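Undergrad: Residue 132 in my numbering sits at position 136 of the first sequence, with consecutive numbering throughout.
If you are wondering where the hints come from, they were derived from the structure by calculation, not from laboratory data.
Everything numeric in this text was worked out from a predicted model, so none of it was measured.
We put the beta carbon where it would ideally sit given N, CA and C, even for glycine.
Warning: the hint list may mix true and false statements.
Unchecked claim - Straight line, CA to CA, 25 Å or less: simulated DSS-like cross-link-like pairs of lysine-lysine:
(1) Lys477 with Lys46
(2) Lys471 with Lys427
(3) Lys410 with Lys432
(4) Lys261 with Lys233
Said to hold, decoys possible - Restraint ranges, calculated between C-beta atoms of paired labels, are given here:
(5) Lys328 with Val81: 50 to 60 Å
(6) Gly59 with Ala325: 30 to 40 Å
(7) Trp148 with Glu115: 20 to 30 Å
(8) Asp9 with Thr384: 29 to 39 Å
(9) Ser333 with Asn62: 32 to 42 Å
(10) Arg95 with Lys432: 53 to 63 Å
(11) Arg95 with Leu463: 19 to 29 Å
(12) Glu116 with Gln49: 35 to 45 Å
(13) Leu463 with Gln49: 51 to 61 Å
(14) Glu181 with Glu383: 50 to 60 Å
(15) Asn191 with Ala42: 47 to 57 Å
(16) Trp148 with Glu79: 23 to 33 Å
(17) Glu212 with Gln49: 46 to 56 Å
(18) Leu463 with Glu114: 18 to 28 Å
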Amino acid sequence: MAKELKNFTKRSDNYSQWYNELVVKADLAEQSAVRGCMVIKPYGYAIWEKMQQTLDGMFKETGVQNAYFPLLIPKSFLCREAEHVEGFAKECAVVTHYRLKNDPDGNGVIVDPAAKLEEELIVRPTSETIIWGTYKNWIHSWRDLPILVNQWANVMRWEMRTRMFLRTAEFLWQEGHCAHATADESQKRTVEMINLYATFAEKYMAMPVIVGVKSETERFAGAINTYTIEALMQDGKALQSGTSHNLGQNFAKAFDVTFVNKENKPELVWANSWGVSTRLMGALIMTHSDDNGLVLPPHLAPIQVVIIPIYKDEEGRKAIAEKVEPLLAELKKKGISVKFDDADNKRPGFKFADYEVKGVPVRLALGQRDLENGTVELMRRDTLEKETVSFDGIANHIENLLEDIQKNLFEKAKKYRDEMTYAVDTYDEFKEQIEKGGFILAHWDGTPETEEKIKNETKATIRCIPLEGDETPGKCMVTGKPSARRVLFARAY
RNA sequence: CGGGGUGUAGCGCAGUUGGUAGCGUGCUACGUUCGGGACGUAGAGGUCGGGCGUUCGAGUCGCCUCACCCCGACCA
C-alpha cells in the first residue's frame, strides 16, 4: 500500500480528522485564509457542478425557472417577519460602510467614517425577505400565479464553528421560492420538492434518506411546516441534507403580497421555499468513502473511468494510445466520461493511488502484457476488486459495471442505515443506544418540553417525523403520555 | 464568549541544562527507472507568529499581543 495512504487517518481512529484529510487529499477543497470559509477546488467543484446540473434539470421538469436576487438585503426587510428575525437576526455579516480611504498614518486603507450607510445591509443568510419584497410587485391577480422560481446563489451565516462542506460561513446552494394561489397547491409543491430531493439523493448520490416533517422547534424560522430528508453518516450521526418549507401566508403577510382571486376578492399569497446546499458534498463524502479515500457514485463522478497506460518508452506509449483510442470514442459515445491519463511526469503506481483517493469508480490499466494477451486490468473503486478481462467488448462491460457500482453503493449504504436504525421503547434503552450512534425510532408525546429534555440529556434531536413507516400509536418513552407514532431521533451534524 | 491546545522551510514535525537551526516529505536539475505512491547524485528553500524584557548570548526563560485548531453555546 502506498505510503501516503498509510498516513491517512483511519475512519475508526478519528472520524473528523479522516474527513478533513480526505477533503484535502482528494483535492476537493481547502480552508481559505478567510475565517470559516472554504476554497472549493476544481475537482470538488466539478462534482458540485454535476449535482447542480442534475438538480436543475429536475427542477425545470416541474416548471421551475431560474432567477437571481441581490446579495445584500436592507436590514429593515429582515425585521418584517417576526419569527424569521428570531431565527436569523444573529449570525449575519453586516455592511455598514460603502467606501474606504487611505490611512492618514500610511498603513494601507481604512474604512471612511464619512461613508456610513443610512441603513445597514445584511449579507443574505437566505433570501426569503428580498424575494418577497420583490414578489409584491410581480403579483396582482390569480393569473400571475403560480410563480415558480429558483436561484443558485451563495449565502453567508457567521457560524461559530465551521467544517468544510458541512458548515462553512459562506456556502453555495439553491433556494426555490414559490408563490401559489391556494394553500393546497403550495402544500403540494412543498411535498413535491422534498420528494424530488429524496429521489436525487437516492438515485444520484446513492444515499438513502428518510423523508419526514420537522418538529415545531426544529422548524425553519417563519414556516408553518418544514419537510426534511435525513441521511445517516458512517459515524452514526445524522445529516439534514435538504429541506422544503411550507411558509403559509406568513411572508405574504409580512411583505403585503396580495392578489385578487377568482372571486374578485383580495387574498394573501401562499408560499413555500426549498433548498439544498454544498452540504450535499459533505453528505456524499461521508456516505461512501473509505480508508483509501473518496468513493464516488458513477452518476456524479466527474471522471467515471480512468485509463492508465503502463509503458517503458515512447514506442510503448504509442502502441497503447492507438489501442485505447477507439475505446475512448466508444465510451464517449455511450455518454461515459473517461480520462486517458498518459501524462509521463507521473508513474503508474502514483496514478493508481491518486485516482483511488479521488474516488474514480472504474480504473483500467493497460500495459505491454495486455497488448500481447488482448486483455485489460480493471478495478472497481467500491470494492477495490481487480480483474483481468478481455479487451473486446470492454465498453459494454464498463457500462454495466458503472450501473452495478451505483446500485451497490446505494445498497451498501442502505444496509448500513437499516442496521443502524433501532426501535426502542424505554428512555433507558434510548440513552444507551444513542451512545452507539444511529437512528432511533421512539415514541414521543409531541411536546417541545420533552424534546428539549431529551436534547439536553442525550444531545439527540428529533430529526423528523417520518412520512412513511410504522404508524402505530404508543406511549412517550419519557413521560408515558400518548404518542401518535414513532419519530426519528439521532445525534446530528 | 467560556475551557483546552498549537505557532520553527511549501506541508508534517524534532529541537535536551539557554551557546547562533535540523529531520521527513515536497520542490529544481541530471541519470537510471516505469504492472500499486521509484532510486541515486547534486541543489534551492528560515527575521523560529509579533513585541517588550532577563542575559555576554533566547527557538528555548518571563510578560504582553496576534493568528489558527479542538471541545461547548449557534447552525443547512
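Undergrad: Each hint needs a verdict: does it hold in this structure or not?
TA: Hints and how they fare:
Distance restraint check for Lys477 and Lys46: the Cα-Cα separation of roughly 47 Å exceeds the 25 Å cut-off, and the hinted pair is therefore not satisfied. For the given pair, Lys471 sits about 17 Å from Lys427 by alpha-carbon distance, which is consistent with the 25 Å threshold. For the proposed pair Lys410 and Lys432, the alpha carbon gap of about 18 Å is at most 25 Å, so the pair holds. Of the supplied pair hints, the one linking Lys261 and Lys233 is violated, its CA atoms being roughly 50 Å apart against a limit of 25 Å.
Remark: the range hint 50 to 60 Å for Lys328 to Val81 is upheld by a beta-carbon distance near 53 Å. Taken as a hint, the range 30 to 40 Å holds for the pair Gly59 and Ala325, whose Cβ atoms sit roughly 37 Å apart. A hinted range of 20 to 30 Å holds for the C-beta pair Trp148 and Glu115, which are about 27 Å apart. The hinted range of 29 to 39 Å is satisfied by Asp9 and Thr384, whose Cβ atoms lie roughly 34 Å apart.
Checked against the hint of 32 to 42 Å, the pair Ser333 and Asn62 fails, with Cβ atoms roughly 25 Å apart. Restraint check, Arg95 to Lys432: a C-beta distance of roughly 56 Å satisfies the suggested window 53 to 63 Å. Evaluation of the 19 to 29 Å hint for Arg95 and Leu463 yields a failure: the beta carbon distance comes to about 52 Å. A beta carbon spacing of about 36 Å between Glu116 and Gln49 agrees with the range 35 to 45 Å that was offered as a hint.
Take Leu463 and Gln49: their Cβ atoms lie about 28 Å apart, and the range 51 to 61 Å is violated. Take Glu181 and Glu383: their Cβ atoms lie about 53 Å apart, and the range 50 to 60 Å holds. At roughly 27 Å, the beta-carbon separation of Asn191 and Ala42 lies outside the given 47 to 57 Å, and the hint is violated. With their beta carbons about 26 Å apart, Trp148 and Glu79 fall inside the hinted range of 23 to 33 Å.
Range check, Glu212 to Gln49: about 36 Å between beta-carbon atoms, so the 46 to 56 Å window is missed. A beta carbon spacing of about 47 Å between Leu463 and Glu114 contradicts the range 18 to 28 Å that was offered as a hint.
Checked against the numbered hints given earlier, the structure breaks hints 1, 4, 9, 11, 13, 15, 17, 18 and satisfies all the rest.
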